[in-house]
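Engineer: For reference, the chains in residue letters:
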Amino acid sequence: MIKLRINGMPVTAEENSTILQAARKLDIKIPTLCHLELDCFNLEHRIGSCRVCMVEVSGRRNLAPACCTPVEEGMEVRTHTLRAINARRTMLDLLLSNHPKDCLTCEKNLDCELQALAQEMGLHKIIYKGEQSKRSIDLANESIVRDMNKCIMCRRCETACNTIQTVGILSGVRRGFNSIVSTASEKPLADTKCTFCGQCVSACPVGALTEMNRTYDVWRALNDETKQVIVQTAPAVRVALGEEFGMEPGSVSTGKMVTALRMLGFDKVFDTDFAADLTIMEETTEFVKRLKENKNLPILTSCCPGWVKFFEHQFPDLLHIPSTAKSPQQMFGAMAKTYYAKKLGVEPKEITVVSVMPCLAKKYEAARSEFSRDGVRDVDIVISTRELANMLKEAGIQFNDLRNSAFDNPLGESTGAGVIFGSTGGVLEAVLRTAADWLSGKELNDIDFEEIRGISGIKEATVKVAGKEIRVAIASGLGNARMLLEKIRRGESKYHAIEIMACPGGCLNGGGQPYIHGDTSILEKRRQAIYEEDRNKTIRKSHENPYIQKLYREFLGEPGSHLAHELLHTHYTARKNE
Amino acid sequence: MISSAEKLEEYEKGLAGRIPSSLRTEILVSMGTCGIAAGTTPILEELKKEVSEQKLDDSVKIVQVGCMGLCHSEPTIEVVDKESGQRIIFGNVIASQAKSIVAKSVRTAGVQAVARTWYCPEDEEMNPDAIQARIVLRNCGRIDPEEIDEYIMRSGYQAAAKVLASMKPLDVIKIITESGLKGRGGGGFPTGRKWKFAADQKSDEKYVVCNADEGDPGAFMDRAVLEGDPHSVLEAMIIAGFAVGSHEGVIYIRAEYPLAVKRLHLAIAQAKEKGLLGKNLFGSGFDFNIELKYGAGAFVCGEETALIHSVEGKRGEPSFKPPFPAVSGLWKKPTVVNNVETYANVCAIIRNGAAWFKKIGTENSPGTKVFSLTGKINKVGLIEVPIGTSLRDIIFKLGDGIKGGRKFKAVQTGGPSGGCITEASLDTPIDYNTLIALGSMMGSGGMIVMDEDDCMVNVAKFFLDFTLDESCGRCTPCRIGNKRLHEMLKEITDGNGTHETLTKLRKLSDNIKDTALCGLGQTSPNPVLSTIKNFEGEYLAHIDHRKCPAKVCAKLLSYLINDNCVGCTLCAKNCPVTCISGEKRQKHLIDQKKCIKCGVCYEACKFHAIDKD
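Taken in order, these protein sequences are the chains called A and B. Here the working numbering is used: the first residue of the first sequence is 2, the next is one more, and so on. Here the working numbering is used: the first residue of the second sequence is 405, the next is one more, and so on.
Chain A on its own, in the form it takes in the complex (with noise of 0.2 Å):
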């Protein structure tokens, strides 16, 4: 340990640790923008680029940014001196002097990380005006706009991107003034190897990086009059969604959602978990097909698009592992247009299907062409979950005072094997329910799989079904998913099933969700939520869901059948590794 003095009070530091770690246990916030540490992913971006953390530390000639100088053994260090306030302020002054400072039309206006700190640093003019930075705008793709105009060189996006994420395609190019962030060549993201997880815009502390806002065209639909426009929400919204009306992180909203969708208008308020339920069933029909077969093992979970642009461009190699199976967004939208639209009685292209995503890259799939049948695309709109809280705000309701309702059949009905999808873990243990079940030809009571819950990035298990140890593996963040696919590419995998979300800790840190601004322990209780859902569902294996059982019967036959497949399963594409 050691110890040191800020403004005069002593304080004990552990080594290593920072001046801005340090102040912290005196409850001095010292401000800072680049910085950011994700603590539950033992991560810190701390590369002192943005110089807003300045400190006076006695006896060194320069002021000393407190978010990467170690403490030190009798450091004294002083947070808020002239001098030290004096070169904060000119810092924010640069940065604002080259920022567009169109706050009021911004996305992020009340959620951006530099209006805040001009708020709290009472900056009211700025001194050194100049030429701002002109760049044209990346709209070429269906996730994510890149404005680097706003960009302040914080170069969070770069750590998200290359250590998290490992697909590497961002860094600073050019020089001084005109030095930004960018891509090889300074290509849009669309002709790239960019997964769209939207970590990067989760990272972004501005309005630089934000997703592509589809709320006008879901406006326009349910003001349609021709059309059937119903939405499915996905399990990671309703524990994320209060958030964004100031409601405790953690609080389950499901019941306010649902009635919040209704009161936009929607014709009928159904549920991805529904659409999970039936993953599930065409998912371990698969991977008990394959355990039985002892082939093309370990099978690999398909849910995430993100994930799955990612093995396409990188592991080109490996595409007969991954599951067939659609993700529940893309099986919701192949049975609304067919079965749920045949009970209608209508032509699928009279119904708009809108999806509330916690996910950026579910922007990218609803779009890609293997899910468009004759020119009708089985989603036609996703938005994420903070589009769905500005709609909500844009009509005036009053969320937090909302009574509960709930989804419409025959799509609204879930399991908590549904629920769990969210949250990292929660594929493989709702396949396990099911696989268990249908190995041991039981009904099982001892459901719960606490061994491969929690956050961390890659948990490994062994479990036992009906007598067959079952070797699993997740991992969530495309850092650690590339680990576990280096690991099969080397034939050192002894898997079964491998479960991968694109971003860390599953969906419920997903790129579109409510802005964390580095405070994890979110997180952790949007996840506790999560399967505090899944306790309190009567039915908590899919299989067990009745309108999944109706669907089959009425509709798809069995899990595996033809038609299943036409419709429930898809096929990948390798890609360019650049």
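Since the hints were derived computationally from the structure, they do not count as laboratory data. Errors might be hidden in some of the hints.
To be verified - Rough simulated footprint, nothing fancy, chain B against chain A, three-plus residues with beta-carbon under 8 Å:
no.: 1; region: 48 to 55
no.: 2; region: 83 to 97
no.: 3; region: 126 to 136
no.: 4; region: 509 to 520
Quick caveat, the model's predicted, so the values are computed rather than measured. We put the beta carbon where it would ideally sit given N, CA and C, even for glycine.
Could you slot chain B onto chain A? The hints should help.
Structural biologist: Then chain B, alone, in the frame of chain A:
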């Protein structure tokens, strides 16, 4: 293969014995990049042709050598009389003089002798007339850099042999520490201490890096060493490797130095062939290899952490220290990064001892410093002076004063990170500390002399333009702050500056120095602050009177035609915007509203009829 210290000695003796007794004259031709650019290649060819045509191969030897440092007189050759030992340098040589040079060997009509202003402390007695003392440049312009034997004949590889055969790593570090050698790349950090830090680290791998990414505008010290004496750097890197426990050396060299790259490759190949690089050097069991890595010409890659990132294939930008490279550097292993000139001192120190080295230079900063002396002086060139020499001696004795009899105004040391020093401080003996006290710094050795025709606001703007382009863009103060400084300077040179601009310039400069991440940013405002400090009046003339006293800032100038005008119409014909009117043989008139202040008329007029005001 030279497999021991004794074998090296034998080999050297063998080389000496091979010199034909009939050799009377050696003619050294300056074949550095500068010499070649000035036209020494045809001279070399002509000389060789003459020697062979006159069948003088036994008595006259033509040798290509590196830069002699005499840019002002290139192309240069040195004629060495082997009998008397007399050496005379001739400057401004032309190819057609080759015949008479070879025929008479020395003193041919039409060839100008150039004064030799240096002595080599290692080889010669102190010469009272010599202002320069050459340790680093000892072999530059004297040996063929493409022949390892020539280096060996000048005590080459003896220092490495001594170290590997008879010394312990800590003894080597002790000598370097005692010598007081400081990093010559700019920072001036004690080299011995740097080596000690790296030596103290326990690691399976360590690296020794040579920073040859010379990037200051107008600086060419390192290029001259690498082109003229590449083995001195290789040998020093072996010594550094042994001292810190590293077996791999990396020379990070800018790709814009093709001749230096070529000669380094040759030198490495020749050293390997002789067993002086590779496995089991001098039979000591110590292995050492050196590879080259090319820089793409980014100034910031001269900063050691940025350099390391660039070698690793990452974007060349500095990172926060600690960790220092000596602890976690290249591939996260302990790494010593020293500049070319620092290495070029090492072998001489090992050969002659720390006490010998400390006799040269000042107590606080022993040794010499190489400078690229450029700007408005009569004798531009590469010089090496004992630290503590006064700027007056350098500028007025070595540089032979200001061009065209103009008045000296300032000298910029330390390149874009340095500051301007005025007439009042010319007698200060220069070392690391005195220069900092004068608001400048030693830097890597760029020295630019300015005269009364240089506008100091414009000079500050020029240097800032450079740092602005070369900033990596990582930290806010350097990326945006320097841009704002540049804009404010432009405001002033455009005549739009106010007293507030000046106050803001000072404040922001102080802030940038206080907050920037690396040395580039922390020093980039120095030219601004030192010109404001020393030439505030000139700033105020731009602000208060909208005038540029040096008549440089175009927007503050007007061109007026005076009564000398004879109406020759030359100015009007040359004016690109046709703003000059007047009848033939009548006084002409410039339309001030249309004039773009390009100065073409001023240059064109043969009658001094145009005034700049």
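Engineer: Taking the hints in turn, state whether each one holds.
Structural biologist: Okay, the hints, checked on the actual structure:
no., hint, in the structure
1, 48 to 55, "holds (count 7)"
2, 83 to 97, "holds (count 7)"
3, 126 to 136, "holds (count 4)"
4, 509 to 520, "violated (count 0)"
When each numbered hint is compared with the structure, a violation occurs for hint 4 only.
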